[in-house]
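For the protein sequence lines, the chains are F and W, in the order given.
Position 203, counted from 1, in the first sequence is what the numbering used here calls 203; the numbers after and before it change by one each time, with no gaps.
Position 104, counted from 1, in the second sequence is what the numbering used here calls 104; the numbers after and before it change by one each time, with no gaps.
The hints are simulated quantities; they were obtained by calculation from the structure and are not laboratory data.
One should not assume that every hint holds.
[What the hints assert, rightly or not] One side of the interface only, derived from the structure: several residues of chain W facing chain F at Cβ under 7 Å: (1) ILE48; (2) GLY50; (3) VAL79; (4) TRP81.
Even glycine gets a Cβ: it sits at the ideal position worked out from N, Cα and C.
What follows is each chain in one-letter form.
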Amino acid sequence: MPASIARTACIKGSIACLPLSLAVAPWGLLAGSMAIEAKLTPLQSQGLSAIVFAGAAQLVAIGMLKGGANLFSILLTTLLLTSQHLLYGLSMRPVLSELPTRWRLTLGFLLTDEFFALVSQHDRQQFNRWYAFGVGFTFYLAWNLFTLAGIILGQSIPHLDQLGLDFSIAATFVALIAPTVRSVPTLVCVAVALFCSVLFSYWHWETALVAAGLLGMAAGFICQKSFGAR
Amino acid sequence: MVFILILAMGLLVFLNRYAFLEPRLPLRLSSNARQFLGFAVPGMLTAICGPIVFLPGQQLNLDPANPYLLGSLLAVVLVLWTRNTLLSMLLSMGLFFIYRGWLSGSP
Chain F
1 MPASIARTAC IKGSIACLPL SLAVAPWGLL AGSMAIEAKL TPLQSQGLSA IVFAGAAQLV
61 AIGMLKGGAN LFSILLTTLL LTSQHLLYGL SMRPVLSELP TRWRLTLGFL LTDEFFALVS
121 QHDRQQFNRW YAFGVGFTFY LAWNLFTLAG IILGQSIPHL DQLGLDFSIA ATFVALIAPT
181 VRSVPTLVCV AVALFCSVLF SYWHWETALV AAGLLGMAAG FICQKSFGAR
Chain W
1 MVFILILAMG LLVFLNRYAF LEPRLPLRLS SNARQFLGFA VPGMLTAICG PIVFLPGQQL
61 NLDPANPYLL GSLLAVVLVL WTRNTLLSML LSMGLFFIYR GWLSGSP
């Protein structure tokens, strides 16, 4: 692919990811400031975002470290909390597994909820690796910059977690989902996933999100198979 | 100790992300599996939003006046009406914060 087309696709991906990159600001700030509060050094706090790059797992791990949990229980929790990525990988396998190794490794590392939300809408023909890289890398930069901001300003923003900033994630995802609900099976899928995610989270399941997502997907799939409607 | 934890966490998360992207993994997706996975976007993204909207601050809130619920409904209406994701997101966020501010300002 000529360099100019690659660059255009990469910039397109970056722009598509801007709203989500901004939406993640509160979580990034929180990840940075909470790590400092839990007595991690600035380098360790930034390292979490740079190496782990998974918001929910980072926040929970920091909380567990603070509470004196052992290494094994933190790692097990991490595994459970990030298990939805297995599903994303499986879902994007037809497109991503065909790429050369360095692309697979790079895009695999960048495969987040947000990456999946934006890139998986493209099928084999529409998929562009540079667009995907633009999405993923922009998000990675944003996540790390907001973490850095959290490390620097953390304690000077009081009650960061009570400002309702997490609504930005919901608003963005809702705006991405709503237009895709064009059939009864998809509606069933969304309804079941919504109900189960609230119930399982209320029960404090560590696998609440992926369990709810899977049940919603199964409900939608069964509905589609039984009624044959699209 | 903390750095070992960070590296191990990073490795685990990466393995979760990469496992099914590996072409040497002997796995072919049937048409049923593909149809099932077609529900991954609405299913997973909804599951992520659910607790944010109905369990703000880890507290169950089923009140119809819950700002998170009203804000999300507004985002749905806006995006279906305008077909503009960014605009819907920004407008619903703006009104969410105004509404929350108004709620905390009045007794």
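The hints, checked one at a time:
1. ILE48: holds, 6 Å
2. GLY50: holds, 3 Å
3. VAL79: holds, 4 Å
4. TRP81: Cβ of TRP81 (chain W) sits 10 Å from chain F, so the hint is violated.
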